[in-house]
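Residue numbers (the working numbering), protein chains in the order written: chain A, 1 to 890; chain B, 1001 to 1298; chain C, 2001 to 2274.
Rather than coming from a laboratory, the hints here were simulated on the basis of the structure. All values reported here derive from a predicted model rather than from experimental measurement. Check each hint, because a few of them may be wrong.
Restraint-style ranges between C-beta atoms, simulated for each label pair [as the list claims (entries may be wrong)]: (1) 1124(B) with 2214(C): 24 to 34 Å; (2) 1061(B) with 2163(C): 42 to 52 Å; (3) 2042(C) with 460(A): 17 to 27 Å; (4) 2041(C) with 1228(B): 33 to 43 Å; (5) 589(A) with 2189(C): 24 to 34 Å; (6) 622(A) with 2164(C): 39 to 49 Å.
Where is the CB? At the ideal position from N, CA and C, for every residue including glycine.
Here are the chains, one letter per residue:
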Amino acid sequence: MPGLGTSFGRGGATTFQQDLQNSDCILIMGSNMAENHPVGFQWVMEARERGAEVIHVDPRFTRTSAVATKHVRIRPGSDIAFLGGVINYIIENKRWFHDYVVNYTNAPVIIEDGFRDTEDLGGLFSGFDPETDQYDLSTWQYKDMKLHGAAGRRMGSDATGGKQESQSQSGGSSGHHKGGAMGAHLEHGKPRHADRTLRHPNCVFQLLKKHFQRYTPEAVERICGTPKEQLVAVAEALCRNSGRERTSAICYSVGWTQHTVGVQYIRTASIVQLLLGNMGRPGGGILALRGHASIQGSTDIPTLYEILPGYIPMPHAEHSTFDKFVEAVSSENGYWAHMDAYTISLMKAWYGDNATKERDWCFSYLPRITGDHSIYPAMMDMLEGKVKGFLCVGENPAVGSANSSLHRRAMANLDWLVVRDFFEIESAAFWYGSPEVETGKLAPQSIKTEMFFLPAADHTEKSGSFTNTQRLLQWHHKAKEPDGDCRSELWFYYHLGQRIREKLRASTDPKDRAVLDLAWNYPTEGPLAEPSADAVLREINGWGADGKALPAYTELKPDGSTTCGCWIYCGVYADEQNQAARRKPGDEQDWVAAEWGWAWPANRRMIYNRASADPAGNPWSERKKYVWWDDRKGEWTGYDVPDFKKTKSPGYVPPDDATAEDALDGISPFIMQGDGKGWLFAPDGLTDGPFPTHYEPEESPFPNALYAQRANPVRERWPSANNPYNPPNAEVGTDVFPFVMTSYRLTEHHTAGGMSRTVPHLSELQPEMFCEVSPELAELRGLRNGDWATIVSARTAIEARVMVTRRVPAYEIDARRTHVVGLPYHWGAQGIVTGDSVNDLWSISADPNVHIQESKAATCDIVPGRRPRGRALTDIVNEYRRRAGLPAEE
Amino acid sequence: MSASYYGRPVVKPHVWKPYIPLYFWIGGTAGAAAVSMALERAKGNDELATVQRNVALAGALTAPVLLILDLGVPLRFYAMLRVFKPSSPMSIGSWVLTAFGGAIAGATVSDVLGAKPLARALEVVAAALGPVLATYTAVLIADTATPVWREARGELPFVFVASSLAGAGACGTLFAPAASARPARRMMTAGAFALAATTRLMEKRLGRFMAEPYRKGPAASLKGGADFLSIAGGVLMRAGGKKTVVARVAAVCVIAAGVLERFAVLSAGKVSAGDPKYTVEPQRKRADERASADAVRN
Amino acid sequence: MDTYQDPAAARKGFFTDTTLCIGCKACEVACKEWNQLPADGYEYTGQSYDNTGELNGTTWRHVAFVEQLRGGASNDPHDGVLRPESGRWLMESDVCKHCTHAACLDVCPTGALFRTEFGTVVVQEDVCNGCGYCVPACPFGVIDKRDTDGHAGKCTLCYDRLKDGEKPACAKACPTESIQFGDVDDLRRRADERVAKLKADGMYQHVELYGRDENDGVGGMGAMFLLLDKPEVYGLPPDPVDATRELGAMWRAAGYAMAALVGATLLLSAGGRA
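Start from the sequences, fold in the hints, and give me the full structure.
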C-alpha cells in the first residue's frame, strides 16, 4: 500500500492486533472491524475494558459502533475532509508531539521553490499536465535534491508512456494491496535544506498547515455531514491520548482503500499519526486490516503483475539488462540498496544453477511491463476479444469485481476459461446462470468460451501458510487428503508446469527457455504426489552456499551464492525449523508472543519501533516503553526485535561516503525511507499528490466544497458504453441518481459468497440480499421493511429486500438533505441462497496508484418493488440512462 | 403495552396434534363411565353398568392408539412406562391409563369367561382410577408455561370433570335401553349445564385480559360452539328428555360440546402462548410488585 | 440438586456478558457444527440482523438484536456523540438456562431429560419418544420437538465436550469472551463483580443480571445473562416460574374435582330404574 509505504517505508500494517490492547484511544474508520475482523477485534475489546476510548467513524451504525464508546457518522467518500479536519485541529491548537515531529518526520525539510499547493491552484498541485492527466513530480522534490519514494510510482522518466506503478490490485473484491516498496533514493545524504524551528514558509510543516487550513470543523460539517462538535470531539480524543504517556491507534480497511483517492486516505491517517507521534509506539501505529485471510501473503509473494516477491519491482521494457534494472530501481541508502542481492537470490531460487552471472542471472526470462496490465484493463481487453484464455483461481469476478456484469460478458468472449474453486461459483456458471442470460444479452449456445471447472482442495486438505494482516505467517497442517479430483494450488501449478515443460521439451524457441530452465523439482509426497509445502517454504527462506537455511536477509549476497524465494521472508526457516509452524501458547509467553508463528521482517511484530524511544534512545515514558538503547551493551533491546540496526547508537552520524543503511543516522526510525524519516510530505511515490486532498468520488451528488477541481485529477477511469458514469453534479442527470450508495460486508458472509452462501450454517444467518435505508428515505420512496426494492445505477438495476433502520442516518450535506443506500455485496446467482449482485451497480473507476476500484461511494436511485426481468430490465436501465444523458445499453 | 422481541412468542405453544384433545375427551369420558359403571353395578342396574363398562373399554382401547399416533417417535411408546415420575402428570397419567385399561379389559374378559367376582373386583379398581383419568389431563396442561392454562389451574379440573360427566352420561343415554338409562340422562343434563357453568367460571376467574384467547380468535368459535351445544343439550333434556329420540339428540349435542370444549382449551392455550403479552404482562407486574415490596422492606 | 452419579463435579454453566457481544454469531455456527444440527430455514425476517428468530429443536444458540436508536437529523449535536444518548444496538446470545428447577425435566414422562453430573439438563435422544410435553412446559420457550426425527432437542452444554474436559463449542468460539463458561459458583461471583463495576462506571443506564437470584421461580439459572434492558426486550420472560412449583395445588384442585365427580354421579344415579 503506497499510502503506508510512502509515509513510513513499508506498505504493511505497522503493528499487530495484540498491540491494540495497549492503546489509550482507537480510531476505527474505513473499517467495520467487529463485523469483518471479529477475532482480531477482541484486542479492541480488551483495550476498551482497560478504559480506552474506541471511536468508530462510519456512515452507518454497525456492530462495531454498537460496542464502541463513540460513533460518529460521515458521508461515504469524505474521509479526507474529516481527517484533514483533525490535522487542522492538531495544528491550530498546537497539539502535535513536537520532539517526535521535529526529529522523526520530514517536517523541517524545505521543498522546491516551484512547488504549488492545491490552495494556490484550485485543487491541483504544480506539475499537472491536462493533456495526459498526469503529474510531473519534479516541483514536489526536496529543495536541491531528488528523492525516490519508498513505494509507489517513481518519479522520473516514463519512457513507455504507461504507468510505472509498482503495485496494483488483482480483482475487485480482494481489498487493498500493499505496495511495492522501492528503494528511496537520496542523492546526497540528508536533505540539504531544513528548518528545525518549523517556521520557514516552504518547509513541510508550514506547507502542511497551509494545505489544510480550510479544513475547519465548519467545513467538515458541510462536506461530511458530521456535526462539528463531533469532529472536534474526535480530534480532541486523539490529541488527549497521544504524546509521551499515551498513544492512539488507527484501524482501517477497505472502507478507505476502495476510492479513487483511496491511497491518499491512508496518507492522511499517516500524517495524523506522525503529527501525534504514534508511529512505532505500543498502542499506536496504523493497523491496516486486510480484506482476506491471506491477502498480505498474496502481495508478499505476489499475485500482482508489477512486483516480484518481496516487493522487488517487476522490470520494465527499458531495463534491458540486470544491471540497468538494479540501477533504476535500487537505492543508495537504506536496505533497498541491496536490491541486487535480493533479486539475484530470487533468480537462483527460480532458475537454480542456470542463473549465473554469465547468463545475466536469467534476467531476460522475466516478463516486462509495457503498460497497465492490471485486472480491470485486462478485463476490458477481454471484453473486446483480445484475451484468449483466463485462469481464474480463488477469485470470483462475476460477483466480486466492480461492474461485475462487464466481467461476465468479458468472460463470454474468451476462447477458454479455467475456474478452480470448491464450488461452481458464478464465474464458472455465468454462461448459463447470470443476469445476462436472463435478459438475453448472452445466449449459452452462442458463447464460445470453453469452460473448465477444476475442483480445489480447501485449507484443511493441504499444508501451507497464511500471512495475515499483521505480516504474521502461520502454518496450517493438512488434516485429510482431498476427496475425488480436488487438488491444492501447489499440486495444480506444479504439475501444470511439469506438463507444459514436457510438451515444450523438444522446442528450440528461445522464448521457451524461460520455462524449461526453471528449477522445477520440488519433492512430492503422498498418494497424490503433492509437492511438499515445507520444501517450498524452505526455498522461500533460502539457503547459503553451504546449502543450509539462511537465518536472515542480511546474509543475502549479490554473487549468486545465496538462494532466496522472497527476501522479506528470509528467516522463516531459520535453523532448519519451520518457524511459521511454531505454536507456543500465549500463556507461556509475554504479550508480544514472538514464538507463535513468524512475522516479516525478521519476526518483528511492530515495525518502526525505534520511534518508541526518544532521540537519545530512552523510552518516551515508562508506560510506553517498547524498545530502547542499552548503552552498556551497545545495542537496542526491549520487548520486540528492534526495527533498526541492532548496534547503531542513537548518536550515530553517518560519514559522508556512507551508503545503504549506514547512510541513515541514529535518529531515523523509518529505515526503509531514503532520509529515514516519516513523510508528512511525500515528494515521490504517489501519482496524485504529496499531500492528501479532499476530492469527491467519481459519482457524487455534490460539488467539491473546497476546490474547483472536483475529483482526483489523476484517477483512473474507463468511460464507455459498457462502463458509463453518472455525470457529476451540475451536469445533466444529477437528480436522476440522487442518493449515495455504499457497499460493505457482513460478518456472516465472505466476499463474493463462494465460501459462505454454499454453507448451510452461514446461509441461514443472512439468507437474502437486502438494502439498508433510513426511515426518512423509506418514507420518501415508499419502501417498507421486509418488502422488496429496486436499486438503479447508471450501469444496471438490482433488487433487494428492504431493511428500514435508524442505523443509516439521513445526511445534511452543504445544506442539502441526502440519503445513503447501504448494500451488503455478498450475493450472486449460485449457491444455497442467491440474490442479485451489488457489484453489478458499480462502475470501474480506480485509484491511480493501486488500481483499486471505487466501491464505497457512488450514486443511485431506489424504488419499491422487485426489479423487472428479461428485456424489461434493459428497458428500465435505458430509461434512467436517457434521463441522465447517457447512451443506451445495446 | 409491554415490550416484546418483535412480537415473537416468549414461551412455546404446545405441539400436540388433534389426537390429544380428542384423547382428553375419550379418556375423561371413559373415566367417568367407569365410576358410573361401578355405582350402577352396585345398585343392580346391570344393563346400564355393562354399557358404561363397554364405553370405558372402548375408551381405554382407543386412547393409547391416539396417544401413540401423536408421539414423535411412536415406536418408543413403551418409554412412557420406563420410569414412574410423580413430578410429571403425564407419567402419572400413563401409568393410570395403563392400569385402567388393564382393569377394564380384565373385567370384560373375566366377565365373558364367567369369573364374575374377579370381574366385579376389577371393575372397582377401574372405577377408583376413573376420576384420576378424568382430571389428570387438566393438571397436565396446567403444569406448563402456557398462560391461559396455568392461570386456570384451579378451574380446569372442574371443567374437565363436567365434560367427563356429561360425556359418560351421553354415552349411557345413547347406548343403553331407555328404561335403564335414566341415571345416565340425569348425568348428561347435569354435566351439560355444569360444563357451561364451569367454563364461565374459569373465564371469569381468568379475568378480561387473560380470557381474551377464549373470546377472540380460533378458540372463541370452538368455545362458542361448545357452549351452545351444551346448553342446547341441557335444554332439550329439560324440555323433552323423556322421549328417547330427544334424549339421544341431546346426547349427540352434549358429546359434541365436550369434544369442542377440549379443542377450545387446547386452541386457547396455543393462542395465549403465541402472543408474548400474555406471558410478559402478568410477569412484569409481578416482578415490579415484588421489587417495590423489597424496596419498602429495605 | 439431584444429579446423575455422585455430584462430585462442580455445577457448570454460562455467564453471558452482553456488553462484550459483537453479534458475530460464531456461537450459533459453532453449536450447529459441533452438534451436527441442520440449518433450519433461509428466510429473511427483516428483524434487524436476526434471521434465526428463536431457539428450537435445531437451533440451540440464538443471537438477539434489538435496535434502540433515536431518529433525528444528522446534525443533532447529541446524536452520535456519547452512548447511550445516541442510541444503541443490543446483542445477546440466548441459550437454554439449565435451570435449577427445570420444568422440562420435571414434566418429562420417560425420564429422557435428566440432570447430569455437571448439574446441566440434557435430553437423552435415544430415550425421548417425542411426547412434546416439555415444549409448552419450559418458561423460556427453549426446548422444542423436531420434525426431522420426532424427538426433543436443546442445548446440552456440550455434555460430550465437558466429559473430555473441554469447554462448550460456543464458549470456545466466542472471540470477545462474551460467553463465559465455568463453575456456576465462580461465574456468579464474576458476574456480581462485573455488574458492580458497570454500575459504578455509570456507562449504562440499566444493568441487570438475569438468572442470578436463587430465589426466583426456577431457583436460579445455570446460564446467567448480563442484560442492558428489561428481559422482555430480549424476548425473555420477566419472572419465569417452573410450573411444578404449584403442582401440589394443582393436584389438590384435581382431588376436589374428582370428589365432585364421584359425588355427582352418586347423587344423579339415585333413583335407579324408571
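Outcome of the hint check:
A hinted range of 24 to 34 Å is violated for the C-beta pair residue 1124(B) and residue 2214(C), which are about 47 Å apart. Between residue 1061(B) and residue 2163(C) the Cβ separation comes to about 45 Å, which falls inside the hinted range of 42 to 52 Å. Taken as a hint, the range 17 to 27 Å holds for the pair residue 2042(C) and residue 460(A), whose Cβ atoms sit roughly 26 Å apart. For residue 2041(C) and residue 1228(B), the hinted distance range of 33 to 43 Å is satisfied, since their beta carbons lie about 41 Å from each other.
Checking the proposed 24 to 34 Å range against residue 589(A) and residue 2189(C) shows it holds: the Cβ atoms sit about 29 Å from each other. Separated by about 45 Å at the C-beta atoms, residue 622(A) and residue 2164(C) satisfy the suggested range of 39 to 49 Å.
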